[in-house]
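The chain contents come next:
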Amino acid sequence: MRPLFYFLSFSLISQFVLAGTPPAYRVTKIPNPPSKFETKQIDGLDFLPDGRMAVCLPSGEVFLYSPKSKKWQLFAEGLHNPLGLIGESNTSLIISQRPEVTRVSDTDGDGKADDFEVLTDAFGMSGNYHEFHFTPVKDKEGALYFSLGTGSSGDGIRSIVRGKFDPRGRPGRMHASTPYRGCVMKLTKDGKTIPWSYGHRTPNGLGLDLEGNLFVTDNQGDWVGSSKLFHVKEGRFYGHVASLTWKKGFKGAPLEADPRELAKMRSRAAVVFPHGSMANSPTQVLAITPEAKFGPFTGQLLVGEMNRNRIVRVMLEEVDGELQGACVPFIDGGALARGCNRMAWAPDGSLYVGHTKHTWAGGEGISRVEWNGEDPFEVASMKLMKDGFRFSFTKPVDRELAEDPANWPFKRYYYKYHKSYGSPQTGVTPIEVESVEVSKNGKTVMVRLKELKAWHIHEVNIRGLKSADGTSLANSYLAYTLNRLLENTPPDPLHVSGKASPKKTLQGEPVKVIDPIGTVYQAEDAKRRGVGLATGHSGFTGRNYADFGEGEQSIGWTVESAKSGQGKILIRYALGASKRPLKLIVNGKDVGILPFPPTGDWKKWGDLISPVTLKKGENKIVLQTNGASGGNIDHLQVVEP
Amino acid sequence: MRIFIVTFCLLSLSVVALAVPNAAILEKGKALYNGAGSCVACHMEDGKGQPSSVPPLTGSDWLDDPDRTIAIVLRGLAGPIKVNGKRYYSAMPPQLLFDDEKIAHIVTYVNNAWGNKGAEVSREQVAKARAELPVAVYTPEAILKAFPFDKRKGRSNGTFKPDFDDVLADVTVPVVYRTFMPGASPAAFAVALPGNQFYCWDAGECRLRYVWSKGGFIRGNQVHWSSNGKPVAQFNGIPYYRARSSLLKPEDYQYLAESGRRTPFYDTTEAVDFPILVEGMKESPKFKGYRLIRGYPEFRYQLGKHEFRELITMAEGRKGITRRFFMEPEAPITFRLTPDEAALVSTSAGVIQKDGSFKLTAKQAKEFHITINERNPLTPQPTGITK
Chain A
1 MRPLFYFLSF
11 SLISQFVLAG
21 TPPAYRVTKI
31 PNPPSKFETK
41 QIDGLDFLPD
51 GRMAVCLPSG
61 EVFLYSPKSK
71 KWQLFAEGLH
81 NPLGLIGESN
91 TSLIISQRPE
101 VTRVSDTDGD
111 GKADDFEVLT
121 DAFGMSGNYH
131 EFHFTPVKDK
141 EGALYFSLGT
151 GSSGDGIRSI
161 VRGKFDPRGR
171 PGRMHASTPY
181 RGCVMKLTKD
191 GKTIPWSYGH
201 RTPNGLGLDL
211 EGNLFVTDNQ
221 GDWVGSSKLF
231 HVKEGRFYGH
241 VASLTWKKGF
251 KGAPLEADPR
261 ELAKMRSRAA
271 VVFPHGSMAN
281 SPTQVLAITP
291 EAKFGPFTGQ
301 LLVGEMNRNR
311 IVRVMLEEVD
321 GELQGACVPF
331 IDGGALARGC
341 NRMAWAPDGS
351 LYVGHTKHTW
361 AGGEGISRVE
371 WNGEDPFEVA
381 SMKLMKDGFR
391 FSFTKPVDRE
401 LAEDPANWPF
411 KRYYYKYHKS
421 YGSPQTGVTP
431 IEVESVEVSK
441 NGKTVMVRLK
451 ELKAWHIHEV
461 NIRGLKSADG
471 TSLANSYLAY
481 TLNRLLENTP
491 PDPLHVSGKA
501 SPKKTLQGEP
511 VKVIDPIGTV
521 YQAEDAKRRG
531 VGLATGHSGF
541 TGRNYADFGE
551 GEQSIGWTVE
561 SAKSGQGKIL
571 IRYALGASKR
581 PLKLIVNGKD
591 VGILPFPPTG
601 DWKKWGDLIS
611 PVTLKKGENK
621 IVLQTNGASG
631 GNIDHLQVVE
641 P
Chain B
1 MRIFIVTFCL
11 LSLSVVALAV
21 PNAAILEKGK
31 ALYNGAGSCV
41 ACHMEDGKGQ
51 PSSVPPLTGS
61 DWLDDPDRTI
71 AIVLRGLAGP
81 IKVNGKRYYS
91 AMPPQLLFDD
101 EKIAHIVTYV
111 NNAWGNKGAE
121 VSREQVAKAR
131 AELPVAVYTP
141 EAILKAFPFD
151 KRKGRSNGTF
161 KPDFDDVLAD
171 VTVPVVYRTF
181 MPGASPAAFA
191 VALPGNQFYC
201 WDAGECRLRY
211 VWSKGGFIRG
221 NQVHWSSNGK
231 PVAQFNGIPY
241 YRARSSLLKP
251 EDYQYLAESG
261 RRTPFYDTTE
271 AVDFPILVEG
281 MKESPKFKGY
291 RLIRGYPEFR
301 YQLGKHEFRE
311 LITMAEGRKG
321 ITRRFFMEPE
331 APITFRLTPD
341 EAALVSTSAG
351 VIQKDGSFKL
361 TAKQAKEFHI
371 TINERNPLTP
381 QPTGITK
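Chains A and B, in that order, are what the protein sequence lines are. Residue numbering for the first sequence follows the numbering used here, starting at 1 and increasing by one per position. Residue numbering for the second sequence follows the numbering used here, starting at 1 and increasing by one per position.
I should point out that these hints are in silico values taken from the structure, not numbers from a laboratory. From a predicted model like this one, the values you see are computed outputs, not experimental measurements. Hints should not be assumed to be uniformly reliable.
[What the hints assert, rightly or not] Simulated DEER-style distance windows between Cβ atoms:
(1) A:G235 <-> B:Q234: 41 to 49 Å
(2) A:V591 <-> B:E251: 29 to 37 Å
(3) B:L97 <-> A:K68: 33 to 41 Å
(4) A:D110 <-> B:E251: 42 to 50 Å
(5) B:T139 <-> A:D110: 20 to 28 Å
C-beta atoms are modelled at their ideal positions from N, C-alpha and C, and glycine is treated no differently.
Start from the sequences and build out the full structure, keeping to the hints where you can.
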């Protein structure tokens, strides 16, 4: 009991210290669109020139909302997982949906879309659910940019895929077996579709700054130590290897390459969002425009966060020819829902936020954030200097508090670049503060550090700072991604781990055989003894899941293995509360007890992976009750034959 | 036993109480019912209505209370209702063009046509209702609260809460969904036509994949719309027409709904079955989009310099679909259909050969249509495409 108590109090305190929506900002809810499918997840959001808001939903429905009359109107239906839109005119939207970028227009003036024009579908689809097609943005010249997610090893691919299949891009935790998965794409004004940058994993969110620089976020995972914001430039590679399959001049299979060579190709992120404390799944990038009524931050970037109720603010600067900078929580907690996925400025200068989750951590509905015109007490900028950082504040600081070096606890660290999922903070080192100097007007604080180290994140959690008028600093936790120093930047140390792992397979032409590896063996197709089938808890694959009861019951599959030896099976299951172990029997042999820890909710499905010894050809794999009932079993998969 | 006797007595009493309506009134009612754009337009001359969209008037339990019938005619009724155990979705508008006497004639006719035996309705009855009923289209709940059913009849009437499967099982307007479909590339369309003809069209290869009619449209399971988008759509029916796919072997069909494969059977750059051959044209078709014409999608795709439009509607007779093609600029073509035992295929021009192909001159190719009808809706069909 005691450790739990400590944990709780710690998290409460850290939240209190780290962040909070400044009091000058108010969050309210907008009524949800009347979806036929009762979904309240908002996957795209923008305003039309006439001031109406357009939103798209996972159900493929598109609604228009009049902030004046507070009425919703159905505009279009039947799109395939649209994940972003641009209000092009009062009668047409540009929408990123799974198969295409589509112009959806009302050409006969009845208020409902009747024309769906393909602007581009020049990219592949393996049919893997994780191959999301994210939000379009339009630059000043009228070119469109959109981003293509990679496929997930959480499922395989379909029997017919669109676009050229290349087996080199198929293996891995996240894959790119058809063209340009893992790329940011450009659709030029004259209709050419070009892979614009490579190395993206889950690039859920593009945005342009006021100068027209293009940015994209990425989510932590394999090859992505912590979530990131990239300044997108043509032809660059940003780290996730799967898309290299589609990069001209790249030979061989990305996963077989020497990670050191890959690290050398990689361009660093402008901003890294520390996992767990800043953002776990950053989403859209939105510049604070001069028209936005959102406080003294014009030109800075907002970045949504899926996992919690937070919008992060990003302050960039150009150092040695590249953009880098700091991030800080901004609108945080309180009435804001989680899953801050899409954002747009309303004509009145307030911010509208669409929330979504897609079975991950997140939220639902639409929030509106208004600024009341009073200056919040916040860090207005954090700039790299030769010997430390210069902080500007929106109000004069309390001189005494600011001048105390103990209130500026800095540390630095980096994230590793490797195949594994995420990275711990590595090389964590506290940095000694040499001096703090407050400017005459009290709005600038120069913090001199004993050492600045290139290619490291420099993090500070300013302690107890108040403004001269006694206001607490709303958000005191900042992380500056220091890639380049003002001068004499050493070469990128790469921070890479892992070795080249060439395999004999995967070269050459696509293999057209029925390959049992990775096949999903559904519970409903299994031999069941006593075990029932059910559909009551959503989130399962196939038609049913297996529902264990009391007494001796079992479920058994006949699976195929391409070779004999040690392999791994994955069992997808859901389990509400307590542990329900099951006996694993392989080819008649009692192998042991699989623990099956609870997933926490009967609707929450988790994977249990277990080593097994398989023989070539058919194998019988049985899960049997072990004195008590078992969890709900969705399917079995041989993940490593 | 006692209950039976009582029921019998009640029935005979009510029969006795009903006077046979005046033949002249019935004649007037019949003329009004069958007038242009009148009741007949939806409920049909035989009073049988239309499957899933327009409830029947023949033998309808809803006609057991003439005041309820008058209320529906005067004010309209919109929402899901059950009539004689079957589910209907469409809305009946209020009949504003008829005066009290005409409505009395129509209701009297409906009450006594096609074997119905019901009350004669008077002009006064209608006038009273018109003066007293609230001025709003009835919801099913409201009409049944005002005019409840005789519970003793025990028939399955009333309203119901449509679930997602219902919404998609009984189609009254064309429904177009882009979703993962079995046996198609991931860029697929699932389309339902009113009267329950369903098809899968594949934007990945610009062609019709298959057509089915029974078992309802794809299951609009909420899981799909609320989840991460993983599930492949499911449906219960078996296609009666499936277009040729020479890259798939018969044994492949059982795997077409899978999403967990390591390698595909083929990718669309290898596809060789585009049904329209234009001499000298080696390009693959490019999908350009679609337009909704009264809700029906008209697909458009480009083959070299030729643009094709393909509009698919319900075939006359409602036993299949009609595919209307427009080619611009026109050129001589060979069109390859797939012979299928379960389907009757015909074309507006050209002669279909044994292998399913037919040739059209440039002039014929400019605008032509193909009809695919289910051959015998009752015959068991070959193994389907669903898992």
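Status of the hints after comparison with the structure:
| no. | hint | result |
| --- | --- | --- |
| 1 | A:G235 <-> B:Q234: 41 to 49 Å | holds (43 Å) |
| 2 | A:V591 <-> B:E251: 29 to 37 Å | holds (32 Å) |
| 3 | B:L97 <-> A:K68: 33 to 41 Å | holds (36 Å) |
| 4 | A:D110 <-> B:E251: 42 to 50 Å | holds (48 Å) |
| 5 | B:T139 <-> A:D110: 20 to 28 Å | holds (25 Å) |
The structure shown violates none of the earlier numbered hints.
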